[in-house]
Structures are given as structure tokens and as C-alpha cells.
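Chemist: Sequence:
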Amino acid sequence: TRGVVGIVTLNRPQALNALTHGMAVALHAQLKDWAADDAVKCVIVQGAGERAFCAGGDIRTLYDSGKAGTPYAVEFYRDEYLLNAYIKHYPKPYIALIRGFVMGGGIGVSVHGSHRIADEATVFAMPETGIGLFPDVGGSFFLPRLPGEIGMYLGLTGARLKAADAVYAGVATHYVPARQREALIEKLCGGETVAVALREVAEDAPDA
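In terms of our numbering, the sequence shown is residues 28 to 235.
Honestly, the hints are just simulated from the structure, not real lab data.
For every residue, glycine included, the Cβ atom is placed at its ideal position computed from N, Cα and C.
One thing to keep in mind: the hints can contain errors.
Unchecked claim - Pairs of lysine-lysine residues, derived as DSBU-like cross-links and limited to a Cα-Cα distance of at most 30 Å, are as follows: (1) LYS119 x LYS68; (2) LYS94 x LYS214; (3) LYS94 x LYS189; (4) LYS189 x LYS115; (5) LYS214 x LYS59.
Said to hold, decoys possible - Estimated spans, in silico, between C-beta atoms of each pair: (6) GLN41 x PRO171: 33 to 43 Å; (7) ASP60 x TYR108: 13 to 23 Å; (8) MET179 x ALA95: 33 to 43 Å; (9) HIS116 x PRO171: 18 to 28 Å; (10) ASP91 x HIS116: 30 to 40 Å; (11) SER167 x PRO233: 26 to 36 Å; (12) VAL223 x GLY93: 41 to 51 Å; (13) ARG172 x TYR113: 33 to 43 Å.
Starting from the given sequences, assemble the full structure and let the hints guide the process.
Modeler: As C-alpha cells, then:
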């Protein structure tokens, strides 16, 4: 916690902060604790390093589990989906700072939150459809709710969106350039409401 904010940092930068089963379980438990803590007014989730918020689930571990016939994959998906649903119904503002790659499992721990803050490095995609999987982590819920046929397009192609496109599509709610990121965190930790803090630092995303 920092001030009135609970801050989560996905901390596997060498693996682009890929989500593991242990991370999903730990995040779910921490969010439940903060939901019941009146001193915590909102939650921020970010990724370590500059390259990725979270580039997806840990595919190597899932692959090894499948080959070995262990229950890891089933347990991972079960607990990941429970976490995604909990984020969707979280009772406090849930602010995902989606810098860099946000794909697959990273979408699951961001797009269902109340606020998804893109910056100039954001790259959003659902590449799992390229290996024959359905649009994962609640994609079949949020993709049809995007404007026009954008959701169908993303679900079928796995196309990548940069910041302006992500804001236009609605998968990002705001654009805050990297130079304003710490200012946003400081304002929130100091007790400003999310609406006021974003009004002070958010900008129009550059054309894409």
C-alpha cells in the first residue's frame, strides 16, 4: 500500500510479466483483502520494467504441464477465470497501467477493471486465436461489446492495437503519456479521486 492505494506490480520482467498460477492466486487473495480495507480507496496494477504490462499466461509452463499430464493447466485456468470475474465486479476503482505488451492473460487482469490507462508504448492483442484457442480471459464477453465489428475483427485475427486504437475500441479507457505516469500514481496515492486525477493528466492519444 502507498497512501490510500493498493499497488500490485507483476514482477517477472524477464518473462514479460507472464502470468503464472501462483500470481493469479496471490492477486485474487490480495484484492479480497483490499476490498475489505476501508483505508484502501483504489487499486493500481502495473508491470515491472518498460516492455510489458503482462504478455499473457506462462505458455511454457502450460505446455510442459500438458505434456506431463499434470493438473497445473486446469488449475491455472480455473483460478485465472475466477480472478477475471472478481476484477469485473470489484467494488473499488481498479486501475490497470497497460504499458507495453498487454496480451492474453494480461488482458484478463486489465480489461475487466474499471480503468485501463494506455501510454505511447501500449500494444494490445489477443494472439491466442492464432493457435486455435477461443478469445480467452472473458473475450467472448467484452469483444462483442466493442463498437461496430471491432470485437469480431480482433477475435478472428488477433490484430494488435496501439494506444489510439485501443482507446477508440474501448479496451483502454484513457491515455496518459509515460511522462505523466508517476504524477498520476502520486495524485491517487495522495487521495485524489480517479476522475479528478485523470482529468489533470490524461490527454488525447496520438493519431494511429
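Chemist: For a quick check of understanding: which of the numbered hints are violated here, in increasing order?
Modeler: 2, 3 and 13
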